[in-house]
Amino acid sequence: MNVEHYQAKTIESKWQEIWDKSDIYSFDSETKSDKRFYSLVMFPYPSGNLHMGHMRVYTISDVISRHKRMLGYQVLNPMGFDAFGLPAENAAIENNTHPAVWTETNIAYMRDQQLKRMGTSYDWSREVVSCRADYYKWTQFIFLKLYEKGLAYQKEAPVNWCPDCNTVLANEQVEDGMCWRHGQTPVNKRMMKQWFLRITDYAEELLQDLNKLEHWPESVKTMQRNWIGKSVGAEIDFPLCGAVRVEGSKAITVYTTRPDTIYGVTYMVLAPEHKLVQELTTDENKEAIKAYIKDASSKTEIERTAEGQKKTGCFTGAYCTNPYTGEKIPVWIADYALVDYGTGAVMAVPAHDERDWEFAQEFGLEIKEVIQSEAVVGEGSKAQGGENEDDTALQPYSPRAMTGPGVIINSNEFNGLDNEAAKSKIVEHGLKSGFARSTIKYRLRDWLISRQRYWGCPIPLAQTEDGELVQIPYESLPVELPTEIDFSAAKAMGGSVLENSPDWFNITLANGRKAKRITDTLDTFICSSWYFMRYPDALNTDKPFDKSKVFPVDQYVGGVEHAILHLLYARFFTKALRDCDMLDFDEPFVRLLSQGMVVKYSEKDGKITKMSKSKGNVVGTNDFFDEFGADAARLFILFAAPVDAEVEWVEEGAQGQYRFINRVWRLFKNYASVFENRENYDFADFAKLTKDNQDLVRALHSALKAITEDLDPNRNGFNTSVARMTEFVNAAYKYFNAHDQESLTAEDSAVLATLFRQFILLISPFTPHLAEELWHKYILHSDEPDLVNSVHRQSWPVFEPSYLEQNTFNLVLQIKGKKVDVVEVSKELSKEQLEGFALANDKLQKRLQGLEIKKIIVIPNKLVNVVAV
RNA sequence: GCCGGUGUGGCGGAAUUGGUAGACGCAACAGACUUAAAAUCUGUUGGGAUUUUUUCCCGUGCCAGUUCAAGUCUGGCCACCGGUACCA
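Read left to right, the first sequence gives residues 8 to 876 (our numbering).
Calculated directly from the structure, the hints in this document are not laboratory data. Please note: incorrect hints may appear among the correct ones.
Said to hold, decoys possible - Once the Cα atoms are required to be at most 27 Å apart in a straight line, the calculated BS3-like pairs of lysine-lysine come out as:
id	residue 1	residue 2
1	Lys144	Lys200
2	Lys826	Lys850
3	Lys196	Lys317
4	Lys282	Lys200
5	Lys550	Lys39
As the list claims (entries may be wrong) - Here are the computed distance ranges between Cβ atoms for each label pair:
id	residue 1	residue 2	range
6	Lys42	Lys16	34 to 40 Å
7	Asn814	Lys614	52 to 58 Å
8	Asn814	Asn233	54 to 60 Å
9	Asn233	Val805	42 to 48 Å
10	Asn56	Ser305	36 to 42 Å
11	Lys554	Lys16	41 to 47 Å
12	Glu475	Pro509	17 to 23 Å
All C-beta atoms, glycine included, are put in the ideal place defined by N, C-alpha and C.
Using the sequences and the accompanying hints, generate a full structural model.
Written out as structure tokens, the structure reads:
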């Protein structure tokens, strides 16, 4: 490395140490609400090593935080670690270190060797580490509050089991039938007694309040809406027929969104796990049904759906009655009916439902049409009715199920109705007769929160010998994890090693009764569902946080991979804790920014993919920092693409930003003398400056204006901000090539000193180290750090609009919208004058020869367009 | 299948309200400096034709349309990416 170059490593580590010892980035909790700004980034899992992919989110959030500080806000910009979870436990099993040791080692490295080296501006005094007892004590406290409120409960249910995690997973943690942590591992369904949170109680509010989140990306809101999956339909009771009698339940209740097809029901499908199956199956079908259920339960989600459209099922021998028609309907079981959606029973209408149609084809069941497509009615005539359905509705009737709109047929008194209108009429009829009611269902399921693992927050409950669940008293919290654990045994047994610690799980209650602690621990998403509430009141020893001190995050930055998981859970927690009287707001994150991934070419895959260890395309932070510095990495990551798009890490591109830093560095060095003895940075009347000086002032102020606008939270144009800085530096070099240091006049010096001072402020959120170094060296003239006057305590510079006003503009001359010439003209000219000026133009005249002018359009300050043929 | 999103030079991308397409960077090429190289500074760089310091044509995935004017608006295709998927 050339010694003439900017010594990034030395300079950066110098300032990092100085900032670290100061309180320059600390947040004052007493700040009034209109002067504070909560800037947050999703806290990381301490896996031990951050790469450029991680760096992106911290950089974006840091620029926002620093800029807000300069705008006069007290910024709460905290950091912590989402520190419970499987990798620590797996590492412990492999090399017999305790998960706590492994985790704390990683945290120390990531905090001190990586996050701080990125030039971030966190208030570390508020650090939150979810695996420490002083944090999970409050996770347990919150769990008990939810439990008391009836929001936490235990039930036997079919749950997702990941054989690699050796534990159950929530629905949200299953992706395409695979474990979210083990992309190659299919999860299987098991019946298990597990703990759940009643997130479904909040389904409607979670859905409705998405409309309040006007500063969230539309895509994330759409994903949440789809996940919640509200559907409006009806429940209809189909009484069982005489041959089979089931005590207590004389009917099968189905849920349907298509009550309009009720006359087309030709069979009934129950999920294999439906509770009526055993009872209503006739003796001669018992064997077959038993075999089918066994077969269905042994299949993974993947196997069930991998067979594509081929439907399987088994007849129970039982029949029920369609309450609308009195028809006798055969009852089948099939695994395409899901036990945990709706009522677990489906009224099958093969004529108008794809899946039912396939099933009916497979087993030769009756297909009865009850809706006639408009296509048939219309005979292909386009002038059919005033409906907005046009050509698409005129497709000939498909040999498969007809799922589109149409007119009701074969349905007694409902014949002739539009099928949409028929829905409510039919439900209304059933409601009067007592066998139907309109219902709303959600796709969202309750959140499964218990995990059969050691390294998680213990559930603060115990079970007495006679099965009663009791809370651990608040004053006894935290229930700490036992530390004497033999992890070598854990591998063999699978599941939670807590079951191996009788000293821990056998307890005696205050009243002398014996009890056993719950050995499951909490899903780590519980820990991350409230961590952002802890930061504003991080040192509270009486409760998780004081209601009066917590406030919603103003700007949250994180990856889209949490669009549903963390972001939905955190919203739910906020609402639930509000109902526990612990909070007084409804939504945790006012503004959300989902940054794109950082990708790189992977030799292994032969394509450009997300950075990951397994793809072998990870670029670590420290090697690059050592050579080119964090500021260069920050600039590149911000510059290479818009925030929400992918960034491809290209080493040459990142080095290009180091080149930029050097250009800035050299520029200041070349003009060092202008900063001598300068108390007051300002220059005389702009109008009286030389043209070169005016141009440079204009260059800075247009950059200032553009960057100020780019940093608006509705825009987040970090990439263009960097381009604007570069443009100013290019302009400054142009100036330098015309005016070297020796040739400067007093006016030139005043202009340069003023502009360069503002330029440092301008780049300070982006390149905090470079800015602080330049600030100290050239502005403060201080060899000693002076953090009272640090560049990071300065105000954001204000651009002066009058500097940008010019009395001329580039007039574009067009013929029929095609550019012919561009000429510089005065802004004073009237429309008529502009027109006259345009017509006098040689190029235009030449092109107009032989043409007849039809019309002339004059847009002031823009163009003249001559329409001629 | 359904729901989102994206298509602009060799590459990443810019163009905020329809009004000069290609800002800024990377890569490449050339000049200056140097014994030389690196570094640096300065240029050139969408494609094509041409009478080659000139003039013209084409050009924002494809096809139509609206408009004096379309990367931008409308309709229809195509491709890619992401989410979701037997949710009755």
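Would the hint linking lysine 550 and lysine 39 be met if the CA-CA limit is 27 Å? With Cα atoms ~22 Å apart, lysine 550 and lysine 39 stay inside 27 Å; holds.
Okay, lysine 42 versus lysine 16 on CB: inside 34 to 40 Å? Once the Cβ atoms are compared, 37 Å apart, the range 34 to 40 Å for lysine 16 and lysine 42 holds.
Can you confirm whether the C-alpha distance between lysine 826 and lysine 850 stays at or below 27 Å? The hint holds at about 11 Å.
Could one say that the CB atoms of asparagine 56 and serine 305 fall in the range 36 to 42 Å? At 40 Å between Cβs, range holds.
Decide if the proposed pair is consistent with the structure: lysine 196 and lysine 317, CA atoms, cutoff 27 Å inclusive. holds, 21 Å
27 Å limit on alpha-carbon distance, applied to hinted pair lysine 282 and lysine 200: Status holds; Cα separation ~17 Å.
Within 42 to 48 Å: is that where the Cβ-Cβ distance between asparagine 233 and valine 805 falls? Check passed, 44 Å falls within 42 to 48 Å.
Taking 17 to 23 Å as the stated bounds, is the beta-carbon spacing between glutamate 475 and proline 509 within them? holds, 20 Å
Taking 52 to 58 Å as the stated bounds, is the beta-carbon spacing between asparagine 814 and lysine 614 within them? holds, 54 Å
Outcome for the supplied range 41 to 47 Å, where the beta carbon pair is lysine 554 and lysine 16: holds, 46 Å
Below or equal to 27 Å on CA atoms is what counts here, so check lysine 144 against lysine 200. holds, 25 Å
Asparagine 814 paired with asparagine 233, Cβ distance criterion 54 to 60 Å: Distance hint for asparagine 814, asparagine 233 holds at roughly 55 Å.
The structure agrees with every numbered hint stated previously.
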